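K.L.:
Throw the hints in and build the complete structure from the sequences for me.
For the sequence shown, numbering that gives the first Met the number 0 gives the first residue as 0, with consecutive numbering after it.
Simulated from the structure, these hints should not be mistaken for lab results.
Just to be clear, a hint being listed does not mean it is correct.
Here are the simulated EDC-like cross-link-like pairs (lysine to aspartate or glutamate), alpha carbons at most 20 Å apart as the crow flies [as the list claims (entries may be wrong)]:
| # | residue 1 | residue 2 |
| --- | --- | --- |
| 1 | Lys136 | Glu118 |
| 2 | Lys136 | Glu6 |
| 3 | Lys136 | Asp191 |
Predicted model only: the values in this text are computed from it and were never measured.
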Amino acid sequence: MDVRHLELLREFAERGSVTAVARATHRTPSAVSQQLQTAQRELGAQLVEPHGRGLRLTEAGELLARRAVDVATVLTEVSADWDAFRHHPTGSVSVMALPSAGEYLLPPALSALAGAGIEITCHDTDVAEADWAELTKDHDIVIGHSLSGRRPPGTAALVVTRLLREPLDVALPTGHRLAGEQTVQPQDLVDDPWIGVPLGFPFDTVLQAIEAETQATLRVVQRVRDNRLVEAMVAAGQGVALLPRFTTRLRDGVVLRPLGGVDTGRAVLAIQRPDRAARLAVRQVLATIQQVADDLATVAAEPR
0 MDVRHLELLR
10 EFAERGSVTA
20 VARATHRTPS
30 AVSQQLQTAQ
40 RELGAQLVEP
50 HGRGLRLTEA
60 GELLARRAVD
70 VATVLTEVSA
80 DWDAFRHHPT
90 GSVSVMALPS
100 AGEYLLPPAL
110 SALAGAGIEI
120 TCHDTDVAEA
130 DWAELTKDHD
140 IVIGHSLSGR
150 RPPGTAALVV
160 TRLLREPLDV
170 ALPTGHRLAG
180 EQTVQPQDLV
190 DDPWIGVPLG
200 FPFDTVLQAI
210 EAETQATLRV
220 VQRVRDNRLV
230 EAMVAAGQGV
240 ALLPRFTTRL
250 RDGVVLRPLG
260 GVDTGRAVLA
270 IQRPDRAARL
280 AVRQVLATIQ
290 QVADDLATVA
300 AEPR
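P.N.:
Now the structure itself:
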């Protein structure tokens, strides 16, 4: 039984098409199709079957794709033990991070890991909470966030590590009637226009909690992703908004105030495939990121 065939079936199960597997593994679709045919011939069973305009796994193919995860994890654990025996983590580590969390986690971690012999490649994106799991197919560590208090959708078979809790504060124009208050309450804000995030993004959960608490419907006048753009809109008097406490660099015209009555903390998470999480180099990078998060959590981060 060729381990490469098992990995191919796993990729097909996770990505859903020959074209997607080819793109992810830098092969041509015809090469992937030929390798599937070779796997079927050598294993003596039909592993894929026609489905619509494409292919899908048979019951036999699904069985092998599931067990491919176990095989990949064991092989990675053996490699990690060997690296530990030699006292030398090897290879490259790909980190995908939410920009507003990566900003305070990655630079200190990269500095701490300088000279460790690990090649670390950083990427950034901002997606809906349900889409973080998908990114683990192509990256060793995915740093996302959740405001639901639960694991993000699609992560049941993945390794999820909580890094820290970051409060979200209400951003107000300096001339706002509540700017002089130490804390604002949900009821105080039901008549204000809001600068929100796209539907499905975690920050929107807090707006839903405010609506549930007040039994009012908030008026969201804009939905944008970039926190600096949100802050600029607040400064221009376009509305109030939620911004993360640790990374908001306040410009003139904006103040942050904590919101009472609802939980506004976001959980910053590291999400990984089990086999990737077992690599010694990946474990060392994640441990360093976790230490940065722990250090940050001990700092009194009061709203400004």
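K.L.:
Is Lys136 close enough to Glu6, meaning Cα to Cα at most 20 Å?
P.N.:
Status holds; Cα separation ~12 Å.
K.L.:
Checking one constraint from the list: CA of Lys136 to CA of Asp191, max 20 Å. Satisfied?
P.N.:
Roughly 41 Å separates the two Cα atoms, so the pair is violated.
K.L.:
Would the hint linking Lys136 and Glu118 be met if the CA-CA limit is 20 Å?
P.N.:
Roughly 19 Å between the alpha carbons, so the hint for Lys136 and Glu118 holds.
Against the hints set out earlier in the document, a violation occurs for number 3 only.
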